[in-house]
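Trainee: Protein chains in written order, with the working numbering: chain A, 6 to 345; chain B, 202 to 769.
No lab work stands behind these hints: they were computed from the structure. Do not rely on the hints blindly, as some may be mistaken.
Lysine-lysine pairs mimicking DSS-like chemistry, simulated, CA-CA at most 30 Å apart [claimed, not checked]:
{"#": "1", "chain 1": "A", "residue 1": "K238", "chain 2": "B", "residue 2": "K344"}
{"#": "2", "chain 1": "A", "residue 1": "K236", "chain 2": "A", "residue 2": "K164"}
{"#": "3", "chain 1": "A", "residue 1": "K240", "chain 2": "B", "residue 2": "K344"}
{"#": "4", "chain 1": "A", "residue 1": "K164", "chain 2": "B", "residue 2": "K655"}
{"#": "5", "chain 1": "A", "residue 1": "K160", "chain 2": "B", "residue 2": "K655"}
{"#": "6", "chain 1": "A", "residue 1": "K49", "chain 2": "A", "residue 2": "K302"}
{"#": "7", "chain 1": "A", "residue 1": "K240", "chain 2": "A", "residue 2": "K164"}
{"#": "8", "chain 1": "B", "residue 1": "K344", "chain 2": "A", "residue 2": "K236"}
{"#": "9", "chain 1": "A", "residue 1": "K193", "chain 2": "A", "residue 2": "K164"}
{"#": "10", "chain 1": "A", "residue 1": "K151", "chain 2": "B", "residue 2": "K344"}
{"#": "11", "chain 1": "B", "residue 1": "K344", "chain 2": "A", "residue 2": "K146"}
{"#": "12", "chain 1": "B", "residue 1": "K344", "chain 2": "A", "residue 2": "K145"}
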Amino acid sequence: MKMKSIIRALSVAGAVVVAANAQAATELTVYTAVEAEDLKRYAKEFNKQYPDIKIKWVRDSTGIVTAKLLAEKANPQADVVWGLAATSLLVLKGEDLLQPYAPEGLDKLSAKFRDSDAVPSWVGMDAWIASICFNTVEAKKHNLSKPASWQDLTKPEYKGHIIMPNPNSSGTGFLDVSSWLQIYGEDKGWSFMDGLHNNIARYTHSGSKPCKLAASGETAIGVSFAFRGAKLKTKGAPLDLVFPSEGLGWDMEAAAIIKGTDKLDAAQKLMDFVASKPANTLYNKGYAVVAMPGIAKPVKHFPENPEALMIDNNFEWAAQNRMAILKEWQNRYDSKSDPK
Amino acid sequence: MSVITARPVNDWNPLSLRREQLLQLIGVLFGIVVLLLTVLMPLYAILSKSMENSSGDFVGLDNFIEYAATPSLASSVTHSLTIASVTTLIVVTLALICAYALQRSCMPFRGTIRLLMMGPIFAPSLLPAISMVYLFGNQGVLKSWLMGESIYGPIGVVISLSFWCFPAALMIISTALSNTDARLYESARALRTSALRTFLTVTLPSIKYGLISAGFVVFTLVLTDFGAPKVIGGQYNVLATDIYKQVIGQQNFQMGAVVSVILLFPALLAFAVDRWVQRKQVALLTSRAEPLRPEPAAIRDWSLFAVCMLVIAVIIGVLGMAVYASFISFWPYNLEFTLDNYQFDLMDGGGWDAYENSLEMALYTALFGTALIFSHAYLVEKLAGFRLLRTLLHLMAMVPLAVPGLVLGLAYIFFFNSPDNPLNFLYGSMAILVICTIAHYYTVCHLTAVTALKQIDAEFEAVSASLKVPFYITFWRVTLPVCLPALLEIAIYLFVNALNTVSAVVFLYSSDTMLASISVLNMDDAGDIAPAAAMGVLLMFTCIGVKLIHWLLSHMLLNRTQGWRQSR
Numbered sequence: 006m007k008m009k010s011i012i013r014a015l016s017v018a019g020a021v022v023v024a025a026n027a028q029a030a031t032e033l034t035v036y037t038a039v040e041a042e043d044l045k046r047y048a049k050e051f052n053k054q055y056p057d058i059k060i061k062w063v064r065d066s067t068g069i070v071t072a073k074l075l076a077e078k079a080n081p082q083a084d085v086v087w088g089l090a091a092t093s094l095l096v097l098k099g100e101d102l103l104q105p106y107a108p109e110g111l112d113k114l115s116a117k118f119r120d121s122d123a124v125p126s127w128v129g130m131d132a133w134i135a136s137i138c139f140n141t142v143e144a145k146k147h148n149l150s151k152p153a154s155w156q157d158l159t160k161p162e163y164k165g166h167i168i169m170p171n172p173n174s175s176g177t178g179f180l181d182v183s184s185w186l187q188i189y190g191e192d193k194g195w196s197f198m199d200g201l202h203n204n205i206a207r208y209t210h211s212g213s214k215p216c217k218l219a220a221s222g223e224t225a226i227g228v229s230f231a232f233r234g235a236k237l238k239t240k241g242a243p244l245d246l247v248f249p250s251e252g253l254g255w256d257m258e259a260a261a262i263i264k265g266t267d268k269l270d271a272a273q274k275l276m277d278f279v280a281s282k283p284a285n286t287l288y289n290k291g292y293a294v295v296a297m298p299g300i301a302k303p304v305k306h307f308p309e310n311p312e313a314l315m316i317d318n319n320f321e322w323a324a325q326n327r328m329a330i331l332k333e334w335q336n337r338y339d340s341k342s343d344p345k
Numbered sequence: 202m203s204v205i206t207a208r209p210v211n212d213w214n215p216l217s218l219r220r221e222q223l224l225q226l227i228g229v230l231f232g233i234v235v236l237l238l239t240v241l242m243p244l245y246a247i248l249s250k251s252m253e254n255s256s257g258d259f260v261g262l263d264n265f266i267e268y269a270a271t272p273s274l275a276s277s278v279t280h281s282l283t284i285a286s287v288t289t290l291i292v293v294t295l296a297l298i299c300a301y302a303l304q305r306s307c308m309p310f311r312g313t314i315r316l317l318m319m320g321p322i323f324a325p326s327l328l329p330a331i332s333m334v335y336l337f338g339n340q341g342v343l344k345s346w347l348m349g350e351s352i353y354g355p356i357g358v359v360i361s362l363s364f365w366c367f368p369a370a371l372m373i374i375s376t377a378l379s380n381t382d383a384r385l386y387e388s389a390r391a392l393r394t395s396a397l398r399t400f401l402t403v404t405l406p407s408i409k410y411g412l413i414s415a416g417f418v419v420f421t422l423v424l425t426d427f428g429a430p431k432v433i434g435g436q437y438n439v440l441a442t443d444i445y446k447q448v449i450g451q452q453n454f455q456m457g458a459v460v461s462v463i464l465l466f467p468a469l470l471a472f473a474v475d476r477w478v479q480r481k482q483v484a485l486l487t488s489r490a491e492p493l494r495p496e497p498a499a500i501r502d503w504s505l506f507a508v509c510m511l512v513i514a515v516i517i518g519v520l521g522m523a524v525y526a527s528f529i530s531f532w533p534y535n536l537e538f539t540l541d542n543y544q545f546d547l548m549d550g551g552g553w554d555a556y557e558n559s560l561e562m563a564l565y566t567a568l569f570g571t572a573l574i575f576s577h578a579y580l581v582e583k584l585a586g587f588r589l590l591r592t593l594l595h596l597m598a599m600v601p602l603a604v605p606g607l608v609l610g611l612a613y614i615f616f617f618n619s620p621d622n623p624l625n626f627l628y629g630s631m632a633i634l635v636i637c638t639i640a641h642y643y644t645v646c647h648l649t650a651v652t653a654l655k656q657i658d659a660e661f662e663a664v665s666a667s668l669k670v671p672f673y674i675t676f677w678r679v680t681l682p683v684c685l686p687a688l689l690e691i692a693i694y695l696f697v698n699a700l701n702t703v704s705a706v707v708f709l710y711s712s713d714t715m716l717a718s719i720s721v722l723n724m725d726d727a728g729d730i731a732p733a734a735a736m737g738v739l740l741m742f743t744c745i746g747v748k749l750i751h752w753l754l755s756h757m758l759l760n761r762t763q764g765w766r767q768s769r
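When you get a sec, could you build the whole thing from the sequences and use the hints?
Mentor: If you want it as structure tokens, here you go:
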């Protein structure tokens with residue numbers, strides 16, 4: 006406790022110093038899992054408002070960024086996380102790595118898109134939703150009908166034609182598994198996955214790979230997320246995006262301040278921006294659902310009203326049971342070297 | 202300290218000598234401290250981590266028991282051993298045939314064939330694996346050849362790694378075949394022994410240590426390689442990918458440490474056997490041995506030539522496929538030529554910066570690595586005193602060979618990112634990548650340096666000592682110039698490996714120090730296979746280019762400095 010108050014005092018002192026040196030540029034180290042091509046737009050928009058804060062991006066996939074933050078627990082390197090799965094941020098919150106802060110305009114965000122504490126540890130940006138990438142050319146070749154629901158994927162005709170991400174390494178994979186368990190309940194959820202497993206050609210490490218593999222005809226069906234599928238479709242891949250009728254699992258990209266940063270003032274400014282209207286407009290470029298209601302315009306190749314399809318995702322439950330779910334998954338499916 | 206005083210006492214200028222000895226002592230101690238900090242202490246960190254729970258309490262072997270009780274993890278041990286054994290068998294057999302063709306036949310174009318067969322060594326192990334996707338994947342041009350089997354799994358891993366390990370085995374077996382005594386073959390001919398029998402009773406026994414050594418080198422390479430199983434392994438889990446999955450996917454550092462420790466065992470065994478073999482091999486050649494000059498034999502030569510052509514066709518096919526695929530705009534639906542895949546700045550892989558970082562890292566590694574390793578080897582080999590300390594330094598220099606890169610990388614996180622470590626400022630910097638890479642490839646370079654130094658007569662040191670020339674001047678004026686070929690060899694070895702390494706640095710890079718080899722991995726991981734192939738191809742051509750420069754340079758330098766060698 007004493008230590009904490011010292012740190013707080015120090016960070017206040019730090020903030021004062023920072024404020025005094027407002028002219029000199031502050032450099033914030035920001036960890037992110039946002040796509041590389043989007044980062045430049047984010048930083049540009051942010052610097053329009055705060056030209057004296059420079060962002061130093063550290064970009065990697067969700068699993069790696071999370072692992073990095075946990076590995077550096079004793080000696081944090083990041084000041085802010087901007088664009089990481091909420092499930093991961095919940096894990097970090099559990100490890101007491103996040104600095105709670107209520108950004109300006111917090112009340113304008115949808116209640117779903119923020120940590121439920123009065124002073125939230127993290128705030129959401131946008132949702133990424135599960136979807137199925139369906140290659141029409143390969144489907145015709147193998148005589149496959151277009152699936153309409155998750156349950157359809159267990160039909161024998163798809164045997165060996167489905168690829169999905171491994172939940173142990175991919176955030177998207179985990180959101181799929183946790184959503185199925187929430188949609189069907191534990192028992193039926195696992196038996197659905199047993200059926201699905203029979204049809205799976207292989208599990209990939211990354212969440213966007215199944216869709217890219219479907220786009221290149223390496224497989225007919227890739228369980229992935231809508232953002233990736235829409236992008237590939239725009240590029241000209243012979244894909245149809247399927248949004249299964251039972252409902253879509255989703256996770257959100259979120260942002261948080263890392264506890265112990267010596268640039269708290271700049272970090273808070275960044276958080277203010279993260280929750281602002283201009284930022285939410287930015288997120289809408291690729292994501293159909295964003296944290297601030299009323300901002301989002303429809304995105305090409307997405308369904309009309311994606312929010313209606315999204316399940317009522319219980320993040321706390323998912324974060325608490327994450328280890329147990331992954332372990333069970335691994336015992337059921339990972340040990341079979343060749344899915345039959 | 203008593204070691205220091207155990208010097209001949211006939212010096213009449215004890216003061217300058219003592220200063221020189223002090224300098225030597227500092228050198229040796231420095232070497233020991235360097236290896237302690239970069240190899241042994243990180244290894245200790247990983248060992249202790251494997252016996253801790255997630256909150257850092259000591260739990261003994263609990264983690265290992267948990268590992269053995271998890272079927273999916275334990276099966277990786279069998280998988281790893283299976284692919285390592287199969288690959289070793291394939292590679293050693295093929296390498297034996299090809300090396301025999303190169304050393305013992307009169308087939309044409311032996312030089313060119315040898316050169317082409319070295320091709321795979323210049324690419325990261327990821328490249329052949331990516332090539333397999335294009336050749337045998339579901340949209341692969343040769344998919345039908347697999348007769349319904351999937352390339353994603355043990356088949357793909359074995360083919361990719363056989364391809365990648367082939368040059369190493371070829372080199373070792375070639376060397377073994379070149380050291381032989383022609384008199385044995387004359388006797389065999391005089392006794393009218395059949396060719397087969399000669400092969401079985403003369404040739405094979407004379408190269409058996411070379412074969413064992415090659416076998417273990419390949420076995421260890423396969424066991425510890427991480428690139429190929431990651432790209433083409435599909436659902437076939439092996440130990441190396443398990444470490445990655447535990448650490449990156451599940452943030453389970455303790456289990457990562459456990460798998461690392463398990464991976465250390467076979468590597469240690471291979472290392473021990475290799476040491477034993479090396480010792481045996483020395484006794485094989487006697488000074489009276491005569492070099493064997495193969496005689497032409499049409500059937501043998503042409504059939505060996507055919508086999509070699511087949512191997513080369515495969516090598517060119519696999520590498521060529523990767524090059525070709527890197528220029529295709531949207532495989533398999535749009536086969537137009539494009540340079541888009543080389544626009545790395547638009548991909549999630551670190552862009553062209555990654556390539557520049559790689560060059561920088563490889564350059565530093567080659568420069569500092571060569572200087573450090575060679576001067577340590579000099580101290581080990583050429584000093585008169587401090588026998589105990591020098592032996593210690595030598596033994597420590599042998600350790601990195603037994604440590605897989607992935608294990609070393611993970612060990613570095615535990616050691617260097619601990620807040621109590623005054624060296625933790627290195628974490629996330631370019632320096633830590635350079636240090637880790639030097640440590641990873643230390644042993645081979647050390648042995649090369651020691652071998653080169655052994656060739657120089659110890660008289661030089663004795664003479665210069667009696668002429669009162671300080672040892673560092675002898676080192677600078679005599680030892681260095683004479684060892685120039687070995688120095689270049691070490692530098693190139695470090696450079697090529699630093700450029701292509703994935704395993705040791707995959708846990709250590711930061712966004713500022715993204716490397717090209719890692720970006721191949723990440724781009725493939727994200728499904729951007731064509732750009733991944735493009736980056737791999739770029740790395741390969743860089744290595745070939747550097748090797749060419751090395752070849753030109755060493756020809757020029759050798760003519761100038763190595764004239765003494767020809768006098769024999």
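Trainee: So, against the hints stated earlier in the document, which numbers end up violated here?
Mentor: As far as the earlier hints go, 4 and 5 are violated by this structure, in ascending order.
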